[in-house]
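*Asks:* Between the sequences and the hints, there should be enough to build the whole structure, so can you do that?
Chains as they are written, first to last, in our numbering: chain A, 3 to 667; chain B, -8 to 291; chain C, 502 to 668; chain D, 4 to 297.
Quick caveat, the hints were computed from the structure, so don't treat them as lab data. Take these hints with a grain of salt, some might be off.
[Said to hold, decoys possible] With a cut-off of at most 20 Å between alpha-carbon atoms, the simulated EDC-like pairs for lysine to aspartate or glutamate come out as follows:
1. D:LYS68 to A:GLU593
2. C:LYS624 to A:ASP107
3. D:LYS265 to D:GLU137
4. D:LYS181 to C:GLU651
5. A:LYS480 to A:GLU436
6. D:LYS152 to D:GLU279
7. B:LYS208 to A:ASP497
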Amino acid sequence: MKIGVFICHCGENISSTVDCPRVAKICESYPGVEYSVDYKYMCSDPGQNLIREAIQLYKLDAIVIGSCSPHMHERTFRNAAFSAGINPFMVEIANLREHCSWVHDDIESSTLKAIELVRMAIEKVKRDKPLSKINVPVTKRVLVIGGGIAGIQAALDVANAGYEVVLVEKEPSIGGHMSQLSETFPTLDCSQCILTPRMVEVHQHPKIKLLTYSEVVKVEGFIGNFKVTIKKKARHINEDLCSGCGMCISKCPIKKKAYNSFEEDLAFRSAVYIPFSQAIPNIPVIDETVCTYFQTGKCGMCLKVCDRGAINFDQKDTVMVADIGAIIVATGYKLYDIERKSADLKYKGYGEYGYGKYRDVIDGLQFERIASASGPTSGEMKRPSDGKEPKKIVFIQCVGSRDDSKGISYCSKICCMYTAKQAMLYRHKVHDGEAYVFYMDIRAGGKMYEEFVRRAIEEDKVKYIRGRVSRIYEENGKYIVKGEDTIAGMPVEIDADMVVLATAMIPQDNAPALARTIGIPYDKYGFFNESHPKLKPVESTTAGVFLAGACQSPKDIPESVAMASAAACKTIILLSSDTLEREPVVAKVNEDLCAGCFYCQKVCPFGAVEVKDVKDINGIVYKEVAFINQGVCQGCGTCTATCLSKSIELSGFNNEEIFAEIAAL
Amino acid sequence: MNLLKEVFMKYGYFPGCSQTGSAKEYDISLRKVIEKLGVSFDEIEDWSCCGATSAHVTNHKLSTALAMRNIMLAEQQGMENIIAPCAACYNRLIMSQFEIANHSGIRKETEELLSASFQKDVKVFNVLELFLNIGIDKIIENRKRELNDLKVACYYGCLLVRPSGLTKFDDAEQPESMEKIAEATGAKTIDWNYKVECCGAAHSIARRDIVVDLSKKILDDAKYHGANVMIVACPMCHTNLDMRQRVMKRTYPEHEDFPVLYITELIGLALGMDEKELGIDLHFIDFNYKDLVPENSGVG
Amino acid sequence: MDNQKWEPKIVAFVCNWCTYTGADLAGTSRMKYPANTKMIRVMCSGSVDPVFILKAFERGADGILVSGCHPNDCHYNAGNFHARRRWDFFHELLDFIGIEKGRLQFSWISASEGKKFADVVSKVTKDIKAMGPFTNYQKMNSEFTALFPEEANADSEIINQIKETVL
Amino acid sequence: MKELREHAKELLEKGEVSAVIGYSQVSEKRTKPIIVTDPQDTDQLVFNEYCLNNLAVYLTKARIKVSCRTKDKTLKLAVTAKPCDVHSVVALIQENQIHREDIHIISFNCHGVAKDFGFEFSGDNIASKCINCETHKPLYFDKIFGEEKETPKASDDAMERIQEIERMSHQERFEFFKNEFDKCIKCYACRAVCPLCYCQRCITDKTIPRWIESSSHMRGNFAWNIVRAFHLSGRCTGCGECERACPVDIPLSLLNRRMAIKAKKSFSYVSGRSLETPTLVGSFNEKDNDELFM
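*Replies:* Now the structure itself:
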């Protein structure tokens, strides 16, 4: 085997602390090295030409480049090698820049280290085998999980590009949190007015299959070829027959047993209900936990009044399996549980604020419902306890956010803006009312955002107090808000009629479980992790799975929409070709030696290991061995280390290569 | 095995100055209650000031060294746990441990001052943690009478649950552990607003007016929410809330006496001991459980 | 051995996605750390076989670092969880047999933790320096080389000539 | 004994099993494994305190397995197994080497076995694994014989040795094991008797690349013994056959047992006890101990 060694100076980035000519000179003497040279910029056109010419002139079989990290230019050099006629996987990179010249000062020791790094690469390349890329077919259908604004936007974009979309939403209607909002910052346009047309478009789009009241329960397969199992929960209404007349709802005798979660528990709903009047699809759901029929076997009022016979008490959950090429996850957020006392000890509640104890201490979404024209008060400012108009209202920002001692460390990003908006809305509705805001900092980065906050302060006379609130308690029908004004350096007490807590945004409760189902990583809070914080913000680290909206981190509407469109675009790029090319770093089993213990199957994170029967000439199965599906294998190599008899090898990183690297130390 | 070890875990006892003087009854009741619950402790021999009050506002080095001296003694006397009933002592001890653990400079300096090195991780507990460790069930098991005529306001004060990064046993703003312990005696606890507010602490000497105002607010809120007794776990709080009620009457003539007990005294009553035995008669404001029992109930 | 001149030889097995990238970041940020550690890139911390550790000791390593992505952050979802269990056992076995725990160290370093990478490598180097050369193993190594010079040096050469037929 | 023989005979005559793997008496205090395929030979079968071998090791042998298979169906294989040997059978089932429905387990109420052939069975000469044994009744079986008897009391010397080693310094431990491993002649008897060493090609026989040096030197001995112990950690059921088979008396059980203690302490796992529990190797818990990692 003839090996060529190419040592790059990277201008002065490498050569300032590594004596490149000396490295190249020493490598000449290594067994197998035919040609060794150093050059100022190996990645430049002349540098690549130098490599190509050397390959042809010296008839090289493999090359080693001593340069920057393989994450930078591995592809460049592999292409150069390929164009000169050698297999691109016969190229190894010794990382002389990030791992050597940049991190060490002493020329002697870093030169010695560089020599060792190159020697390791030489020993590895000697054992490299030519590999070829793997082609896998692509299913041209996209799964979007979550029917909030991000999911809606992504689904519409993909469908408008001509690809089929399956949109799964766990609630009975799409719309998400955006449908609950009253007006939106910084324009104060009505949230539902801009959202509803989108919802209708989704419903009517011929390429979108909408599955509401459904959940993803299993994801198998890999990029281009996922198999997704979706559970459709029983609505107890036949969707094909229901006309959405609402007769069942108006006649349902259960009126005050269940809180309306769309109204953030500020109102009741009947046992058969639609979440809100613009719901898509406009088909009710029967809540088994409160329905008299399900509880006692009697009633059946809805059955009697439905002239289309759409009520079906016997309906069961159904399960369907869909072939999917790519997945967009857009599961959104929920609010931090402020009064949390038991269930999840991860977050301590804010008992000192009296949420849950005092009915007029509410969270941001509850205020949205009160301010919303379609809400329980028809948009009139009435406080929940007695329906009186609050004359003095206090907003508290950062409840749960930016609080290492009992909340979460991150900033929820949208609260500064929505608090300003809510204070403004209050002032617009209650002209003689006073609005106070306790804040830590005002974070209003965004187009027209700072101006919006200034408007709240200057035009609408919202009083901003910089400081934290220590306690809220009731005294003579007023809520005493005790806090500190850190600018005045004084404690303050405000006797408010109503308090609104701008609670933190946290991931949905089932986010970690869903992440495990799909096979994507998540951070310590439960937000899904992007592949690269700057350059791959919408890709998850799992190929073929993309992220959109607040499930990745707190976001406002425009950001969620932008991210959804970006994820859709990435998905469309993926589906635009018929097959996918994959790196050939995959594991292979030596069937003769496999003992069939299937520990590899147990450890494989991707379910790539299958059972294969080995038969004798009489057709009798004499052993079962592991077989690795090349299309599914992602090449982590966990199986190779687990295999006791060492019958699995990972192409490109096989044990022989690694032993040789160790030996070259 | 471990569970047993927890229950019969031996504690080193760091009384601190108050326990030998103004809070003598806290010391008496603590010792009696602990003995009744089958837990024993040894007083740290040759213990000294914890470094609170004057030391920690004037000389940081001294206050850390004083606190660590006591921990060092405990370590040398083979104690793995210390119980510090005074909230200020507790605070000094855990703060010093924190500084020693996180600043090698302070550690070195203190070790040099004391000519010793800290090897083991001695754990410091306040009385709330102590009773949680012993187990609330243990109180219920040994209960001789149910104090169900008491409506208790649990007052934590400022130091017992703070700083929140170090006192991880309870929420710093809305603590609930004292309520749990109090309810084990059969008493009712009330929901009120001033349980972690400041009582004025050491201003008791120099600015009595501040203390009177602050303490009055605390007592009034407890009364307003229906309490008939307040319990505390800090000698300083007790001084301000109990002793200062006399001065309070001078400023606020309408003020009515309101009994303030140590948590250990409350438990002692539940375990069947009487007021005199527990030292409750040493308080400035009289308290007698029988007075609170409706006459016809016949319990007492 | 002259302790003044002795510099420990340390091998790090690092995963391609987190720690290797984290090391790249340490480089891009020009953080400085000792040059004793040579890295071997593997795809996942889950693919590091304990025999690699023994091989490295046999090749004269004084200390070894294995590093991968943080739990729940694995590019392959679960490779590091399997690795964690494996190393828990292997580490305890080596300790029982008489190899000090500091000789083989582990860390989770994400792609964004360049600083942590530099710190960990510095710490491992410091620890190994304090422990001194791994004479226990190196005595065996030199005996072996004296007894079987061809086998000791030839590993790589022989491998070149023979191709494994079964694979 | 009579019932055992009759049961075996019946199984073979009815054609339910292709063979019965059992013990036959060689001399007063010595037995040997026997594979009975002819019903007539069943009267050689015995069970007593000298049935030391762990017969589970034969279940994975290809030649025996092949004898069970015909084109149409797979015959069962009967194995006589002490309750502790059943642990090995369980482990083999979990590792997919045999299927539960393909084997017929004949087990016994056990009160211990002698430490080796030729020793009178008593408290002094009881096998080390029997001292703290908790399974005197098999956890899984198809047929059970024998009456329950008291196990002789004995002190757990092996445990004391482990503790003694743990009190040593690292240097002393290294020397101790070096001396022990130095004796190894690489006969691989430990591997041959181990029911869980069923690989068709052992890692030590893999030459390209060479995983474990096979030259007659300490370094390879060291690697082999570490790898053997590691490959069995979390899997070894503690039958102790490796140590009994070792011709140079390397205390292999020390390592195995130390790792079993680790498995129990850190993961509450004991190998071969339950078919329902996932195997320790090949599973993980997100809450596994993370202290090892910086």
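*Asks:* With reference to the structure, classify each hint as holding or not holding.
*Replies:* Now for the hints, and whether the structure bears them out:
1. Of the supplied pair hints, the one linking LYS68 of chain D and GLU593 of chain A holds, its CA atoms being roughly 18 Å apart against a limit of 20 Å.
2. Note on LYS624 of chain C and ASP107 of chain A: the hinted pairing holds, with a Cα-Cα distance of about 18 Å set against a maximum of 20 Å.
3. With a CA separation close to 18 Å, the supplied pair LYS265 of chain D and GLU137 of chain D stays within the 20 Å bound.
4. For the hint linking LYS181 of chain D to GLU651 of chain C, the alpha-carbon distance of about 24 Å lies beyond 20 Å, and the restraint is violated.
5. For a cut-off of 20 Å, the pair hint linking LYS480 of chain A to GLU436 of chain A stands: about 14 Å separates their Cα positions.
6. Proximity of LYS152 of chain D to GLU279 of chain D is assessed by CA-CA distance (about 29 Å); at most 20 Å being required, the pair is judged violated.
7. Taken as a hint, the LYS208 of chain B and ASP497 of chain A pair is honoured in the structure, with Cα atoms around 17 Å apart against an allowance of 20 Å.
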